[in-house]
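Protein chains in written order, with my numbering: chain A, 1 to 291; chain B, 292 to 523.
Just so you know, not all the hints are guaranteed correct.
Short derived list, chain B residues pointing at chain A, Cβ under 7 Å [stated by the list, open to error]:
hint, residue
1, Ala-373
2, Arg-377
3, Gly-391
4, Cys-395
5, Tyr-402
It is worth saying that the hints were derived from the structure and are not from the lab. None of the values given here were measured: they were computed from a predicted structure. Ideal Cβ placement from N, Cα and C applies to all residues, glycine included.
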Amino acid sequence: MFRNQYDNDVTVWSPQGRLHQVEYAMEAVKQGSATVGVKSSSHAVLVALKRASSELAAHQKKIMPIDKHIAVSISGLTADARVLSRFMRTECLNEHFAHNQALSLNKLMERVGAKMQIATQRYDKRPYGVGLLLAGFDEDGPHIYQTCPSANYYDCQAMAIGARSQSARTYLERHLEEFGSSTREELIRHALRALRDTLPNDVELTNKNCSIAVVGKGEDLSIYDDDDVNPYLEGLDQEERRGGAGGSRDAQPPAAEDDATAGAAASADATAAAPPPPPAAEDQGDSMETD
Amino acid sequence: MYEALESGIFLFGLVGLLQGNSTTFLDIVNKMRPGLTPLYNGGVMLAADSLGSYGSLARFRDVKRLFRVTDKAALACSGDIADYQRDDECGGYTRELNAGALHCWLTRVLYNRRSRFDPLWLECVVAGYKDNEPFLGYVDKIGTAFEAKEVATGFGLHLAVPMIREAREKKPNLTRDDAQKLLKECLKVLYYRDCRAHFKYQLADITPEGVTIHDDINMKKETNWEVANYIK
């Protein structure tokens, strides 16, 4: 994406009919670490790769509970994600208070979409620089929703967003037919395998960098971190890893993503990252505080 | 705030009738448990007469106060006509609102208003389905709210509810026909005994399939006023 004279304000259209600021905001989502969501006919699962800004720091939380039946996993600006989470939580609480029932996901997404859209049409605001994956269970069954800084939201069977998530999406597309009838454990394993495909070869999923959230029929939301993740990772280690994006370090995120106009941006990243090992990809996130 | 006050005075000066039309309505409802007859799975029934009073004056005799809000919820109100007409507009916020959610929302609104010393002068009955179970609830102007198997407002509480409870004790699982007969009986008694009642009424029937409202049912012919001749 090249700089041009139409990309300074979100209220300025380009002659091609694009809002460049919104598209730049979507780049922020691609900087965040990967997260995957899948649903079966009875459960919805989120898994997320947590990033630590340095060896001294704890890994940044990626999955936030919203209500007993909804969880959200973030990719992008964490601070923006917190604002949206707080909004979602108050909407859910309000539904319990005023209507004595759980908020259904489609209603929640309408409200989140409306809120995010405001930021794309005002001169004194900027788009939310975070992509969300929502997993929830309501009277219509399990749901996975994806949101973008463009304020679009998508109802998905399975989805992955964040850095190197294309490999995860490829895995998900390959196994799409299996998800509907998967059991809870199988579903989590699918999600973890998809997530693992986003990792470079020499990085493994550990209980430190992995988070799991599950919600389903007759089951309130559970979020697993640290040691609670162990039982789900166990079965995974023995399995062979498929080729992920890990193969070549040179296949940096911009090239691996759909962004065809990476051009100058990609080569700049490659030269910066070529010498150091994988943590370089994570360093890209530091300056923006994206996780 | 000021606008409302002004328009109120204006109307009062010009028309002199519509303002302050407090209506004492009688309203009885009946809830049936999932029933015995193979053709009918149970549901909820509501009845209310069609009178809008102005004090003792029987001013409007065809007031519709039973509303279908969604397929799963029906609302019936006693009290100030203006207040529940406004209420009707705000009640249905989506197509899928169920009776329990409507009841809760109404409770919150009415309680909030009373706490601000600006009440909606209503006694409401919410009937319908919540999570595939029949639901019947009551909310009033001060925010009192509860769910019960039989609910009424005004004179209905004194006259009709005992009748319904007695019938239910004799036969715990009322069928639809039983319920309809029972409601008709109750309405007749109310018409006899409450001088501010009327013989035209509405009947609402809520089943899992939806809400059916029968308007303009007239019970005058079924009433017997012969006894009036014996009174000097």
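Here is what the structure says about each hint:
Below 7 Å, beta-carbon pairs count as interface contacts, and Ala-373/B has none with chain A, the closest being about 23 Å; its hint is therefore violated. At its closest, the beta carbon of Arg-377/B sits 18 Å from a beta carbon of chain A; the interface hint therefore is violated under the 7 Å criterion. A cut of 7 Å between beta carbons decides the hint on Gly-391/B: the least distance to chain A is about 6 Å, and the hint holds. With a least beta-carbon distance of about 4 Å to chain A, the hint placing Cys-395/B at the interface is held under the 7 Å criterion.
Checking Tyr-402/B against chain A: minimum C-beta separation of about 11 Å lies over 7 Å; hint violated.
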